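The task is simple: from the sequences and hints, build the whole structure.
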Amino acid sequence: MSGRRAMAVLAAVAWLTVAAGSPALAAPAPSPSPSPSPSPSPSPSPTPSPQGRFVRVKPSTAEPGAIVGIEASCPDNLRTATVESRAFTDGQITLQPQPSLGLLTSTATVKPDAAALTYRVVLDCPDTLLGGRTSLTIVKGNRPSHGPATGFGGTADDVSGSTMLLTGGLTALAAGLALGVVTLRRRRTT
Amino acid sequence: MAGRRSTGPLAVALIVLGAAAAVAGVAGRGGIAGGAVPPPGRFPVMEPSVPTRITIPALKVRAPIHDVGVADDGSIAVPDLAHHNEAGWFKKSPTPGQYGPAVIVGHADTRTGPSIFHGLAKIKPGTRVEINRRDGSVAVFEVNSVEKFRKADQPIERIYADFSRPSLRLITCGGEFKGGGIGYVDNVVVFASLVEARAP
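One line per chain: the protein sequences are A and B, in this order.
My numbering puts the first sequence at residues 1 to 190.
My numbering puts the second sequence at residues 1 to 200.
Rather than coming from a laboratory, the hints here were simulated on the basis of the structure.
Fair warning: there could be bad hints in the mix.
Across the chosen pairs, the derived CB separations fall in these ranges [to be verified]:
#1 G136(B) with S145(A): 29 to 37 Å
#2 K140(A) with K178(B): 30 to 38 Å
#3 L81(B) with S100(A): 56 to 64 Å
#4 T163(A) with A36(B): 25 to 33 Å
#5 D76(A) with K60(B): 37 to 45 Å
#6 G74(B) with A174(A): 44 to 52 Å
#7 G113(B) with T163(A): 13 to 21 Å
#8 G74(B) with T167(A): 32 to 40 Å
#9 S100(A) with K178(B): 54 to 62 Å
This one's a predicted model, so the numbers in the text were calculated from it and none came from an experiment.
Note that beta-carbon positions come from the ideal geometry of N, C-alpha and C, so glycine has one too.
This is the structure:
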C-alpha cells in the first residue's frame, strides 16, 4: 500500500501540475481554450486549436469517483483515439467516433482516491505526434457539515424592531376593530 | 353621549395606525427577494484561477477576496472580525469560472454594524456579480435565486456539489439572531451562474 502510495506521489511529481488553484496552469497552452458548448451540436468553437484538434472534459471539475464525459477532435474523427490521465481509474481511455457529431467521445471514472489536484488530460490522435491537452480539477472536502458563522448580530435589531412594529401594529389594528364594532353596536341600540 | 362620540374616531385612528405599523413592520423584516432567473443554456468555461476581488454594483460591494478553509466545527471558516468587509473564497471549492460551484462567504454584520454581505438577502435575480481572478480575467455571474436555509439543515448537494456548469454561491447569515454559540439561525445563499468570461 505504502509502495503504491509512494509511486503515486512520484507519478504526481512527474506528471501533474501541482496544487489546484495554481495560476500557472491557466497561463500555458493557448490550445483547447474551453469553449462554451453544452449543446451537442458540433460546436462553433471560438478558438479551435490548429487543425481542429482539441480535448474537453465535461465537467472539468469533479469529485473523486465521479463519471466525466470526454469530447475530442482529431484530424480524422472516424477512427478511435486515446486520452490519458492519472486522474482516471483506467489510465488510458479509448474515444469512439461519433460521426453524427463530428467528434470522438467517451466517459471516464475519476479514481475514488484521487487527490485534490489539477490533473493533466492528454489526447493522442492516431498516426500523428500531435494531440491536445486540457486539465481536470479534482475537489475534495468541498461539502461543509453546516453553514458558516457569518454574523455577530450588530444589525439583528433591524429585524426585531420590525417584528415589534408588526406585532404592535396588529394589536392596535385588532383593538381599533373591536372598538369600532362596540361603537357601531351602541349607536344601533340607542 | 360624549363617550359615544369619542370612541368612533379613536377606533378609526387605531385601525389606520395599526395597519400602517403592520405594513412597515412587514417591509422592515426584509424577506428574501423572490423570483428566479434560470441559468443560461450556453455558458463559457474558464481555466482555474483563484479569485482576488468581488464587485456587486447593485449592492455597491467592492472588496478583496481571501482564501478560507474549514473551521474546527466542520463549517466553512470565515474572515476574522478585523476583515469583516472582505470576502472569503472557500479554497476546497472550484475557483470561480471553472465547472462547479465556487463558494464565497462574507459577514452580514459585526457586533455593532453592517458588513460586506449585509444586503445580500435583498439582491434580485438577474443581478450581476463580477469576480476578478489572479490571471487577470473576470468571471461575470448572474444571480438565479436567493434562498434562506437553516444552518444545520442545508441542501448540501445543491449548494456545494452541482458540477453541471460554472456557478457561484455567495453565503452570509440571516434569519433570527440567537447569539451565543449559535449567532444567526439561518444562512442566506445566493445561487448564480457564469454568463461571461472576460479575458485579461
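To see whether the hints hold, each was checked on the structure:
Our hint of 29 to 37 Å for G136(B) and S145(A) holds, since their Cβ atoms are close to 35 Å apart. Our hint of 30 to 38 Å for K140(A) and K178(B) holds, since their Cβ atoms are close to 32 Å apart. Here the CB-CB span from L81(B) to S100(A) is close to 58 Å, well matched to the stated 56 to 64 Å. Roughly 27 Å separates the CB atoms of T163(A) and A36(B), a value that falls within the hinted 25 to 33 Å.
Range check, D76(A) to K60(B): Cβ separation about 55 Å, and the 37 to 45 Å hint is violated. Taking 44 to 52 Å as the suggested C-beta distance range, the pair G74(B) and A174(A) conforms, at roughly 46 Å. Roughly 20 Å separates the CB atoms of G113(B) and T163(A), a value that falls within the hinted 13 to 21 Å. For G74(B) and T167(A), the Cβ-Cβ distance of about 37 Å falls inside the hinted range of 32 to 40 Å, so the restraint holds.
Judged by the Cβ atoms, the range 54 to 62 Å given for S100(A) and K178(B) holds: they are separated by roughly 58 Å.
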